[in-house]
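If you want the building blocks of each chain, they are given just below.
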Amino acid sequence: MHIGIAALTWVCAVAPILPALAQEPAPFVTEAERPGRFADDFTLRYCVDRRDPAWEVDQAIATAIAGALLIEPVAHVVEDPSVREDLDRLYRHLLQDCSLYFGFKLLPGVYPEWLTVTRPYYEVGYVLAVSNPDWERLADIPASEALGPTIGTAADFRLIQYLNSLPATQRWRRFPQSSDEIGLAAVVDGSIAAALVWGPSFSALAGVRPEFTALHTIALDPLPASNVAVGAVLLSTETFLRSSVDQAIDSLVADGTIAGILAERGFQATTPR
Amino acid sequence: MRRLMYLTTALTGVLVLAGGPALAQDASPLDALQPVTDETLASPGDGEWLMWRRTWNGWGYSPLEQINKENVKDLRVAWTWSLTPGATETTPLVHDGVLFIHNNGDKVQALDAATGNLLWEYVRELPETVKTALGTGNAMSKRNIALYQDKVIVATSDTHLIALDAKTGQVAWDVMVADFSKGWRYSGGPMVAGGVIVQGMTGCGGAQGGGCFITGHDPATGAELWRVHSVAQEGEEGNSWNGIPVSSRFGGSVWNSGSYDPDQNLLFYGVGQPYPWVAEMNGLLPESPDESDSNAALYTDSTLAIDPKTGEMKWYHQYLPTDTWDLDYAYERILVDLPYDGTDTKQLITTGKLGIVESIDRTTGKWLWAVETTPQNVVASWDPETGEKTINEEAIPRIGQTTVNCPADPGGRGWPATAYSPRTEMLYLPMVEFCSNTTPQPIDPGQIYTGGGRATFARIPVEGSDGNFGKVHAVKLTDQTEAWSARQYAPVTSAVLPTGGGLVFAGDWNRYFRAYDDETGDILWETRTNNAVNSFPISYEVDGKQYVAVAVGNGSSQARSVGSLTPDIVLPTAGSTLWVFALPEE
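Quick mapping for you: the protein sequence lines, in order, are chains A and B. Counting from 1, position 229 in the first sequence corresponds to residue 228 in numbering that gives the first Met the number 0; the numbering is continuous, with no gaps. Counting from 1, position 414 in the second sequence corresponds to residue 413 in numbering that gives the first Met the number 0; the numbering is continuous, with no gaps.
Incorrect hints may have been included.
[Said to hold, decoys possible] Covered stretches of chain B, as calculated for chain A (at least 3 residues, CB under 8 Å):
{"no.": "1", "stretch": "176–190"}
{"no.": "2", "stretch": "523–536"}
[To be verified] Quick partial rundown of chain A residues pointing at chain B, CB under 10 Å, derived from the structure:
{"no.": "3", "residue": "ALA31"}
{"no.": "4", "residue": "ARG33"}
{"no.": "5", "residue": "PRO34"}
{"no.": "6", "residue": "PRO52"}
{"no.": "7", "residue": "ALA53"}
{"no.": "8", "residue": "GLU55"}
{"no.": "9", "residue": "GLN95"}
{"no.": "10", "residue": "PRO111"}
{"no.": "11", "residue": "LEU114"}
{"no.": "12", "residue": "GLN160"}
{"no.": "13", "residue": "GLN176"}
{"no.": "14", "residue": "ALA224"}
{"no.": "15", "residue": "VAL232"}
{"no.": "16", "residue": "LEU234"}
For the record, the hints were derived by calculation from the structure and aren't laboratory data. All C-beta atoms in this analysis are idealised placements derived from N, C-alpha and C, irrespective of residue type, glycine included.
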């Protein structure tokens with residue numbers, strides 16, 4: 000019954016041309032969880048999430064997008080206390096609470112077919128936070144030290160691929176962290192040398208955890224630059240809304256409105272080129 | 000019907016008591032309900048179904064034989080009962096003519112098992128954040144509840160363990176075991192063995208390090224008596240996590256109930272895989288240069304043997320070190336005493352998602368034998384003496400690459416349980432055949448939303464597929480040969496139920512519920528229900544009459560994942576129902 004190595008070779012050889020029969024289905028919801036289509040009431044119903052360190056910047060951008068579209072912005076500020084959520088929850092928000100959910104990275108391959116992403120409205124990166132004042136770049140950290148990337152992020156993927164390219168004796172140890180906050184705390188207590196975290200998280204957490212102000216960020220090299228484009232997600236079926244929002248973002252980037260929002264709030268991000 | 004007797008709102012739930020028919024002579028079966036003792040759990044009456052797999056040995060077998068190969072063609076609906084819509088992975092329990100059932104969203108009901116009349120119902124008042132976070136998906140469903148003494152024991156969706164009075168549904172005690180907001184979840188249910196309530200925890204992913212655990216509780220109060228970590232803690236067994244500290248170890252979910260051997264006074268529980276699934280992400284690859292480290296990731300994909308009184312782990316056996324595919328060995332443990340190599344042997348048999356049936360000696364944990372049941376390309380071979388597996392390196396997912404895995408995440412078998420019949424000495428398995436193009440993906444599309452990002456799984460048929468994905472498969476345990484395999488298009492999505500009448504019941508994604516000949520696999524009866532059959536069928540007896548009960552419903556992620564192989568099969572989003580069948584009156 001075991002697929003032998005010869006057969007396996009065939010499977011691998013033909014796999015790229017086999018159509019994928021099945022992708023992840025849309026999350027399950029009962030009829031009671033489907034409120035039906037919202038009336039065209041000249042509003043832009045959007046979600047932002049207090050757990051996202053950029054939520055207030057995103058809210059200002061959402062308001063600007065609504066203004067560009069000459070419709071009224073209606074915010075739904077998500078207050079859930081859970082540390083993590085899954086995409087099923089996001090699906091229900093998009094059915095019940097809002098048409099656009101702000102603060103999602105434009106990463107290839109991570110979104111299911113039922114979800115789509117708008118054009119980006121800013122780009123922001125991951126940072127490497129350390130406490131040792133002598134270190135200015137990742138390459139300064141001795142290989143005997145442990146790095147603590149927040150587990151499974153796009154920046155962590157780059158770190159993993161870089162580590163894989165190094166001889167075993169020259170690799171840093173990698174202790175994955177369950178969140179940005181836990182990673183930064185691990186640098187403070189000395190259990191890791193550096194935390195690889197989302198830039199806006201570092202800025203926001205340093206404002207509420209005084210011990211994090213002792214940390215500073217250093218250059219990522221030899222890792223490549225880490226900037227990631229950020230936009231809003233919406234259901235794939237919302238093609239007209241996506242087109243309209245994309246055009247609005249384009250115009251707000253072009254006329255400097257979004258750059259002004261970022262500058263006004265001291266948010267360390269750039270507008271898309 | 001007599002109207003509701005009273006309605007009361009308690010701190011943790013809404014309780015509804017109902018009467019049976021108004022005629023005074025129709026006494027409620029609750030009046031005759033006797034406490035469930037250690038003795039009745041050890042040796043239940045043939046017509047009783049007192050725990051998840053009916054007996055501590057995990058067989059999932061009903062000795063009832065009124066419904067048999069000759070008359071099963073006459074089987075028809077005795078009664079039905081609508082359940083809360085949503086994922087419905089439940090196991091009804093039956094004691095003294097009362098059927099207890101858990102509904103999606105932590106509604107528990109007691110029904111007259113002969114008529115379907117409601118006797119009482121408890122609805123947990125879950126925090127709004129829990130309801131909004133979980134919706135009606137499988138995290139709101141529980142695979143089983145437990146009966147002990149005069150109580151119904153329930154693991155709730157907000158990670159509490161509660162006890163309900165079996166006669167009234169009133170809350171006897173309620174203890175919080177873990178913080179829901181940190182990701183902890185219950186999906187499997189409790190068992191009672193050695194006088195202790197035992198419950199496994201799941202949801203030990205990226206929200207918090209240190210892995211999952213199993214807890215033992217005092218049946219009188221719910222107080223936690225002990226806690227066994229399913230992920231090796233600092234200093235246990237060296238460093239089997241590639242040199243990373245406990246705070247960076249994730250996974251080891253214990254998401255199904257266990258088995259119990261009273262002769263040894265040992266519990267047997269299965270443990271799931273490391274999180275996130277891809278080894279390069281969770282830190283198990285690349286291998287540490289420190290030769291004192293291993294990357295087996297104990298105790299993931301293992302059987303744990305635990306003393307129920309003390310929580311002491313007596314031994315463990317790991318089936319799949321360094322699991323990087325989400326190929327759990329977290330399912331039922333079936334305890335059989337059968338000859339092996341010419342000697343009567345106390346065996347523990349389990350089957351992981353790979354579909355490899357494996358037997359170990361349950362007195363020592365020593366590996367005995369294995370047999371494949373479905374196409375797979377992850378394990379290239381195993382040592383016939385030790386069971387140590389040689390992994391096909393080409394099937395290991397790598398960041399930046401796409402690999403072909405057979406099977407993939409929902410498994411060649413998922414949580415729907417296998418079962419053993421002493422009549423035939425066969426193990427019966429509900430199965431699905433498929434492969435997947437697997438591509439690891441970052442898990443941070445949003446700062447909070449992480450689902451769907453561990454890897455993308457583009458499911459494809461196995462090489463040379465005949466177009467069938469589902470099958471009920473039978474293995475003769477005395478010689479480990481295939482006895483029969485009943486193949487079909489739709490994935491088989493229910494647990495299997497062998498009976499003393501020579502039948503094996505199983506259901507599928509296409510709403511069919513069938514009875515197979517336990518010796519040949521021939522279909523002897525079938526009916527079409529109103530939704531996916533994706534739960535644990537049982538059989539019981541009331542007043543000399545045998546019933547077969549099975550719950551149906553849509554919303555389970557396991558069933559919907561394998562259901563995506565057959566997109567032409569469309570199911571309703573409502574319609575969770577308990578179906579109960581019996582032979583017509585003569």
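*Does the structure break any of the earlier hints, and which numbers would those be?*
2, 5, 8, 14 and 16
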